[in-house]
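Colleague: Here is how the chains run, residue by residue.
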Amino acid sequence: MDTIMELDNIDRIIDKHHGEASALLQILLDIQSENRWLPWEALARVSERLAVPLNRIQHIATFYKAFSLVPKGRHRVHICVGTACHVRGATRILDTVEEAIGIKPGETDLDLNFSLETVNCLGCCALGPVMEVDGKVHGKMSPVKTSQVLKIYE
Amino acid sequence: MSEIQFEIDGSIVTATEGMTVLGVAQKAGIYIPTLCHHEKLEPFGGCRLCIVEVEVKGWTKLVVSCVYPAEKDIIVRTRSEKVDRIRKTILELLMAHAPDAPELVKLAKVYGADKDRYEKDPSFCIHCGLCVRYCNEVTGKNAIGFVDRGINKEISFIPQIAAVECNDCKQCFPLCPTSYLQAAFVLTQALAFPSAVNSGPETGE
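One line per chain: the protein sequences are A and B, in this order.
Quick note on numbering: the first sequence equals residues 1 to 154 in the working numbering.
Quick note on numbering: the second sequence equals residues 1001 to 1205 in the working numbering.
Pulled out of the complex, with its shape left as it was, chain B reads as follows:
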């Protein structure tokens, strides 16, 4: 296993081949904000918030650190003026969908993002894919997936699978940055398998 050395924010870090820039930074204790990253899941590159500036042989480019492989002798800057500006815009765009999501509100303070900059479109889901990927990759239950595409893309439970699996699992619930997942689940439950909800006092059981 060959070792790779490069620089993040002025400090020299060591990585092994196959690591991503984000992975190396986290190991070295350098903070890069993320929304769609999860240690148990494959990199997704969905939220773009972990964007950093990478200097290769004097050329600077912007890359998404969660999917950018560590390279020898690159110089990574995690908080340049440009990076901060882009993160601010990303946050503002996400907040048009989920203005009150705690993680977004916290990050917005750091980057000075204005939640009212763009016209509101409260869909609440920010397409981080954590629930979908966790359900596929970790629990292997495949109870939730994406449907449609582009601006119409949303998460959707498969009622038949959700009815059997979800009540005893719910491992995806704490992952959702906006609580939209929980709402989607309650909706699916009410429409597709209400018996599970009504098994309480009203039915006289």
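The shape of chain A in the complex, shown without the other chains:
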């Protein structure tokens, strides 16, 4: 998959929403979910087609945490560092992941394979320490298990 999204795809998404400025947020979300991040060219195209000023789109795209203006990896790794996971050793899990992929939370590796984030609670504290990859929850993690899980996605 290309890192820069084709403009045709963006036009298709905009057409799906009938090019209405009120659908801006939905259009950005669709682009984000297809492309994993919002390239500047895409925002410029949306701005042009919807006749919404670029500074407004930039404000919205930076306001919501759901959007990313920098490339994101194919797999989203979330490490829970909430209280329950923390006391069960979440920091050791995080260290293992940082070591294995070579990135810190909020970063993406050079091959665009993984993006690492910390979260404050995934709502399944009984499974702690918890790690989530692409929406799939891996519970009762240990450093060894963590490396095994990451291998699946490499």
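Certain hints may be false.
[Said to hold, decoys possible] No more than 30 Å apart at the CA atoms, straight line, and that leaves these computed lysine-lysine pairs for DSSO-like:
{"no.": "1", "chain 1": "B", "residue 1": "Lys-1141", "chain 2": "B", "residue 2": "Lys-1153"}
{"no.": "2", "chain 1": "B", "residue 1": "Lys-1061", "chain 2": "B", "residue 2": "Lys-1040"}
{"no.": "3", "chain 1": "A", "residue 1": "Lys-65", "chain 2": "B", "residue 2": "Lys-1153"}
{"no.": "4", "chain 1": "A", "residue 1": "Lys-104", "chain 2": "A", "residue 2": "Lys-136"}
{"no.": "5", "chain 1": "A", "residue 1": "Lys-16", "chain 2": "B", "residue 2": "Lys-1141"}
{"no.": "6", "chain 1": "B", "residue 1": "Lys-1057", "chain 2": "B", "residue 2": "Lys-1072"}
{"no.": "7", "chain 1": "A", "residue 1": "Lys-104", "chain 2": "B", "residue 2": "Lys-1120"}
{"no.": "8", "chain 1": "A", "residue 1": "Lys-72", "chain 2": "A", "residue 2": "Lys-151"}
{"no.": "9", "chain 1": "B", "residue 1": "Lys-1153", "chain 2": "A", "residue 2": "Lys-104"}
{"no.": "10", "chain 1": "B", "residue 1": "Lys-1153", "chain 2": "A", "residue 2": "Lys-72"}
{"no.": "11", "chain 1": "A", "residue 1": "Lys-65", "chain 2": "B", "residue 2": "Lys-1120"}
{"no.": "12", "chain 1": "A", "residue 1": "Lys-65", "chain 2": "B", "residue 2": "Lys-1141"}
{"no.": "13", "chain 1": "B", "residue 1": "Lys-1027", "chain 2": "B", "residue 2": "Lys-1072"}
[Unchecked claim] Examples of chain A residues toward chain B, derived with CB under 8 Å:
{"no.": "14", "residue": "Pro-53"}
{"no.": "15", "residue": "Leu-54"}
{"no.": "16", "residue": "Asn-55"}
{"no.": "17", "residue": "Arg-56"}
{"no.": "18", "residue": "Gln-58"}
{"no.": "19", "residue": "His-59"}
{"no.": "20", "residue": "Thr-62"}
{"no.": "21", "residue": "Phe-63"}
Honestly, the hints are just simulated from the structure, not real lab data.
Cβ atoms here follow ideal geometry from the backbone N, Cα and C, with glycine treated the same way.
Given chain A, work out where chain B should sit, using these hints.
Modeller: Showing chain B alone in chain A's frame:
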């Protein structure tokens, strides 16, 4: 158009419907301090400095006068002890970001605000939004906007638009109370369209 009468600081003022308390006060020559207000722009309610005490049917409340619509028979107090205390705190909080902004320094003297009360966080922008709103509402160029939110919120030029529009406009420059805008512009210029800066003697033109 119906006329509304009410009281500001003991004098009776007349307003037409749709006016804000601040607008009425300014028309009547009563001074209320503001930072984010501009006559050509929509009310923003960003700096909160124009806060006043409003008494409605015996109940007193604190409102921001630039966005509070004029009402019949209200009593407005622009310099009560409480209002002064709040303005002092607002100024002190703003001065943690921009300690030397001339307008803030002037107001700080009036309200006895201590610029060193809060830990310094020199971001210089006080988020009055004058530049952003002027660029959107008056010039219609949309070259500058806010990015991010909360404590990370800041102004940001759109390089592609700024490169074309800003050099010949710069109407927002005198509006900025802290000079941060100018700094942000120079930074954008240096990063995104340095050719405009270097077209001077060094390039041998």
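Colleague: Can the hint on A/Pro-53 be confirmed by a CB-to-CB distance to chain B that is less than 8 Å?
Modeller: For A/Pro-53, the interface hint holds, since the closest Cβ of chain B sits about 4 Å away, which is under 8 Å.
Colleague: Against chain B, with CB atoms and a cut of 8 Å, does the hint on A/Gln-58 hold up?
Modeller: holds, 5 Å
Colleague: Under the criterion that the straight-line Cα-Cα distance not exceed 30 Å, is the pair A/Lys-72, A/Lys-151 satisfied?
Modeller: Holds - the C-alpha atoms of A/Lys-151 and A/Lys-72 are around 19 Å apart, at most 30 Å.
Colleague: Would the stated hint for A/Leu-54 survive a check requiring a Cβ distance to chain B of less than 8 Å?
Modeller: holds, 5 Å
Colleague: Would you check the hint for A/Lys-65 and B/Lys-1153, treating anything up to 30 Å between C-alpha atoms as holding?
Modeller: The hint holds at about 13 Å.
Colleague: Keeping to a limit of 30 Å between CA atoms, is the pair of B/Lys-1141 and B/Lys-1153 held or broken?
Modeller: Holds: B/Lys-1141 and B/Lys-1153 sit about 21 Å apart, inside 30 Å.
Colleague: Tell me if the interface restraint on A/His-59 is satisfied: Cβ within less than 8 Å of some Cβ in chain B.
Modeller: holds, 5 Å
Colleague: Against the 30 Å threshold, does the CA-CA distance of B/Lys-1027 and B/Lys-1072 hold or violate the hint?
Modeller: Measuring from Cα to Cα gives roughly 17 Å; hence the hint holds.
Colleague: For a C-alpha distance cap of 30 Å, please report whether A/Lys-16 and B/Lys-1141 respect it.
Modeller: This hinted pair holds, its Cα atoms lying about 29 Å apart.
Colleague: Would the hint on A/Phe-63 be counted as holding, given a Cβ-Cβ threshold of 8 Å to chain B?
Modeller: At 5 Å from the nearest chain B Cβ, A/Phe-63 passes the 8 Å test, so the hint holds.
Colleague: Does the alpha-carbon distance linking A/Lys-104 and B/Lys-1120 stay inside the 30 Å limit?
Modeller: holds, 29 Å
Colleague: Within 30 Å, alpha carbon to alpha carbon, are B/Lys-1057 and B/Lys-1072?
Modeller: Holds, because 11 Å separates the two Cα atoms, which is no more than 30 Å.
In terms of the numbered hints stated before, the structure departs from none.
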